[in-house]
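Visitor: What follows is the residue order along each chain.
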Amino acid sequence: MKTAIFLALLILSLWAILACVSPWLPLHPDQVVLQAILDVPGQSYLLGADDLGRPVLDRLLVGAKTSFWVAAGVISLSLVSGTLLGCTAAYLGGWWDRVLVMLLDIFMAFPGILLAIALAGVLGPGIGNLVIALSLVGWVGFARLARAQVLSVKCREHVQAATALGSRTPRIIVRHLLPLIAAPLVVEATFGVAAVVIAESGLSFLGLGVQPPESSWGSMIRDGVRYMLVAPHLVLAPGVALFMVVMSVNLLGDYLRDLLDVRTLQKL
Amino acid sequence: MPAYLLSRLLTAVWVMFGVASLVFFILHWVPGDPVEVMLGESAAVADREALRQALGLNLPVVEQWTRFLTNTLRWDLGESLYYQQAVSSLLAQRFAATLELAAAAFLIAVLIALPTGILAAARRGRAADLTAMGFSLLGVSIPNFWLGPLLVLAFSLGLGWFPVSGRSGLLSLVLPAITLGTGLAAILSRMVRSSLLEVMNEDFIRTARAKGLPSWTVWLRHGMRNAWLPILTLLGIQLGALLGGAVITETVFNWPGLGTLLVESIQRRDYPVVQGCVLLISLCYVAINLLTDLLYARIDPRIRLGQPE
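Chain order of the listed sequences is R and E. Quick note on numbering: the first sequence equals residues 230 to 497 in my numbering. Quick note on numbering: the second sequence equals residues -5 to 303 in my numbering.
Here chain E stands alone, though its shape is the one from the complex (with noise of 0.2 Å):
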């Protein structure tokens, strides 16, 4: 297990770093001068020199890159051109609103999707089973740009039962939270039906029945306990689609979190602000990729006994 755990750290870290330096050079790579782009053509020309002091513009590139990584570390990502703040106080004060919203998305898809997939898998080719993979497909073709209108239209506009946008308790987070969570359950519950099916074919499910144990019983706690492995690596790769498509779904709600943190910034062409943003949120992506990876290695005993991979 230690050699693994390190193994996988070590990974993270580098991937982390490189992380860093993607985004730091894909803002050197912005075509023409980036004060200008930030300050517009007309700016004052000692204005546009006090910014690319502040910015550290002057230096060689690789300085200016070991500059950024170390004060990445240190967590300082510099200051905002429009709020005049430190950007990880504006991180700070955003990050929670897009994680209770990815946490509440997450909830729900797996609330849906695991009752779903086992219900497919046991009615397989049954009407059950066509109409939930049928949802399923339905659910991943929607757009959540589109989904979300769509509700707003029957359940705020129409009914009156959630508020239209914005974060004010409760009740504003239940239509953001399932528009983020559709394509997630969608595809969770197509996952947990195959992989639970492929398990059903096992030996020690043959066993099971002819135990006599009881229906449910086989299924629950002899299929599905095994089903887990597959879902988990899913799940960790699909919860940075949905960290992406919290973006889009905080701008349709106005949901005051990194996404719409992150797409005034780039309309505002703030670039430290987008790359805090894109830089936090790749972190989670990382951070829960490495806690799916350790998670795995807990359940299967064969991961963290054998070789990895």
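This is chain R alone, in the form it adopts within the complex (with noise of 0.2 Å):
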């Protein structure tokens, strides 16, 4: 268990290191060689080209730097904006709170990843309206639990005692309310990265996401395909690489969650 968080941490951290330093690599992802078109690894370029002659590991990092990217603001966005609103609702309760039981109702009656594909199509792709698009789907699930975490420690002493000498409403939720409900959301938004990544390449397959020449996993492995039978390391390379970080949040969120002692939690 130790080593395999240890990779996971390993294989994550690469991840970041890549997607912050990548635009100072040296790197072609749109460079056209037409004498290397589907080669194989090893034989122009380390991980091969695709089927215009681009290098595939430049590529490939350009689409680490994307899920990285999108992932962090989706995960920001819709922490932020679900927490806030999720705590304010059932801290105030009243009209506010049941005006946002209503909306979670109602989001939440839409499979998530359907919402986001409808809202991507509509908004039209691009890396901007990708992370509105996901963003619009990921708040919910954190006002959900944000507020179901504060309906439970809200009665408790100390807050009581914070009211009674007279904290206002913002300070109390900061630094009496937030504390207590921290732990599950940084499980759940630890969740929420493998989530987001998924449904960024997802989108990115079906042509609603990142468009050419910016790439994506997705993207690549949408390409790929057609080209299977004669260049498999097209549809490999960024399937391994996205199924390597996905894998590494997944282990990352278990432990978390074992650690930090989160019991009943349902993922989105």
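It is worth saying that the hints were derived from the structure and are not from the lab. Yeah, the Cβ is synthetic: ideal placement off N, Cα and C, and Gly gets one too. Take these hints with a grain of salt, some might be off.
Interface residues of chain R toward chain E, partial, derived using beta-carbon atoms under 7 Å [as the list claims (entries may be wrong)]:
id, residue
1, A301
2, L458
3, V459
Covered stretches of chain E, as calculated for chain R (at least 3 residues, CB under 8 Å) [to be verified]:
id, region
4, 254 to 260
5, 273 to 284
Take each chain as given, in its own frame, and dock them per the hints.
Guide: Set out below in structure tokens:
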């Protein structure tokens, strides 16, 4: 278990570092070399070339950047907005809470990926729209979790004490409620990263996400499927990268869940 | 029971109303003129006006909204811009294929997950458990748009056992169903394991053991029967994910269901069909959740007789 977590952290750090430094790496993801078309790994490039003669490794690294920043953007946006909405609704109660619960009920009646597909399809392709579409789906889980957690702790004595001492609502939420409910939110956010990485690639696979010449692991898989017999590395390379990142995140999520002792957690 | 049933039904009706409204407004907030988006910038003014009339876009938003809702209630979802055919009949043609795929995937998932989960729980901490949970982690982490092509590479192109794509008989169903079912099987087997382990700590299990019942009776009749409840809830939620995942899996295998229709229609900007697909899939999801809740109440008298929630 220890080695598995170590490996997972190693893979995730590599992912994050590559995503951050890739603008300064000498990458040529769009360089078309006609002689290299469908080259197998090791022939002209380390991981071969795709159907247009572009280096697979360079495109893979750009794909790492795409998935990392989309995941970072979507998770931070939906974590902050969802937590804020869920906390305030649960703490204040009244009509605000009822409106939120109604909204949550409606959003949860859509299978998440379906709503994301519809939103991405309507908003049009591109990384910005992708982040918007996935955040519009992602906030729901955090809001629901934050609301349930705050409901269960808002009547504790220290909150009453803070109220009696005249603390204002924002201060109570940030100082007295958030620390108590942080653990399950952290675990949910970790699993959320896996879901977003898969969703980003999935939408790009459907042609609704990242557009050429930008690259995403999902669109690399889609483009590679046509050449699967002659050049299986076009499907294998991005798939392995995607799979390793997602599995590392899931391992980390399991580990955090046990570590922080978060029990009844419902995955969306 | 009637009160509980009624309140659940009312919630479901309300949620469907919300879903339909959300679908309506998503398409209304499309940046730009929908008619221009649908027909392209070069369309003649008369054509645009005709389409605008046909879609009722000249009316005030509230009126369009109520019209959309009442039409939806009569299952009149408008006409496809591409097929020149009623959306409802298009959906009807495609629905069976999706249902077939989802049912097969569900069956595969349950057939894999139940024995695996029970075995893992019974052999907790030993090699069988670790192997099962390792496979479960793999299953959760493998995206179906990658698993699908891998299966095709191995079993269609390599071994030639199954067709590469399309829907032609039982053989063509195998790979799509495995692709779609793997994720559910993985999550479900974990849930069966953890739920069963929790139940096995209960007093009545000790009693059953003390009575000298055979081990499998204790596990299956006393343990599994009580472990069903959390599993059912999860199943309801996960079936939605299954329906959503079907969209991608269908695209991988060119399976002629609602998912491929949805993706094609998005690419063709055939928005009435997009609306119809999203509505129908969500409707199924709401219905499934309602059913699981009712089933839950049926299985567990505590919910039926006590206060809901």
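Visitor: A separate judgement is required for each hint: does it hold in the structure or not?
Guide: Against the structure, the hints:
1. A301: violated, 19 Å
2. L458: holds, 6 Å
3. V459: violated, 11 Å
4. 254 to 260: Holds: 3 residues of the region 254 to 260 of chain E have a Cβ under 8 Å from chain R.
5. 273 to 284: With 5 residues close enough to chain R, the hint holds.
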